Amino acid sequence: MNEPMLESQWYTTDELASRLGVDSSTVRRWRTSSPVQGPPFVRLTTRVTLYSAADVEAWLTERRIDPGTAA
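Residue numbers (the UniProt record's numbering): 1 to 71.
Hint data in this document are derived by calculation from the structure and do not stem from the laboratory.
Fair warning: there could be bad hints in the mix.
[Claimed, not checked] Derived Cβ-Cβ restraints for the label pairs, each shown as a range: (1) Thr12 with Ser33: 36 to 42 Å; (2) Gly68 with Pro4: 21 to 27 Å; (3) Gly68 with Arg43: 35 to 41 Å; (4) Ser8 with Arg31: 28 to 34 Å; (5) Ser18 with Arg43: 17 to 23 Å; (6) Ser34 with Gln9: 24 to 30 Å; (7) Arg64 with Ser34: 38 to 44 Å; (8) Arg29 with Glu7: 26 to 32 Å; (9) Ser24 with Pro67: 27 to 33 Å.
Here the structure is a predicted model, which is why all the values come from computation and not from measurement.
Using N, Cα and C, we set each Cβ at its ideal position, and we do this for glycine too.
Throw the hints in and build the complete structure from the sequences for me.
Dropping the structure here:
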């Protein structure tokens, strides 16, 4: 990650869920499952979890499937 963390954009669980078009409970389930799934996150408190936009972009890119190159 090249951009300093404090200068990147951050999403709350609800904001990330809205951006991805999923329910907030889905995002919460990703981070509480074993093993942990979903994009990297920062837990500030037991009630506040944030997601870096850069981390979310990288996570989505890793999961992207191009049908033209899929085996």
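Checked hints:
About 19 Å separates the C-beta atoms of threonine 12 and serine 33, a value inconsistent with the hinted range of 36 to 42 Å. Between glycine 68 and proline 4 the beta carbons are some 36 Å apart, a value that contradicts the proposed interval 21 to 27 Å. For the pair glycine 68 and arginine 43, the supplied restraint of 35 to 41 Å holds, since their beta-carbon distance comes to about 38 Å. Between serine 8 and arginine 31 the C-beta distance comes to about 19 Å, which lies outside the given range of 28 to 34 Å.
Roughly 20 Å separates the CB atoms of serine 18 and arginine 43, a value that falls within the hinted 17 to 23 Å. Checking the proposed 24 to 30 Å range against serine 34 and glutamine 9 shows it holds: the Cβ atoms sit about 29 Å from each other. Separation of arginine 64 from serine 34 is about 25 Å and departs from the stated range, judged on CB atoms against 38 to 44 Å. Between arginine 29 and glutamate 7, the C-beta spacing of about 30 Å keeps the proposed range 26 to 32 Å intact.
Against the hinted window of 27 to 33 Å, the Cβ-Cβ separation of serine 24 and proline 67 comes to about 30 Å, which satisfies the hint.
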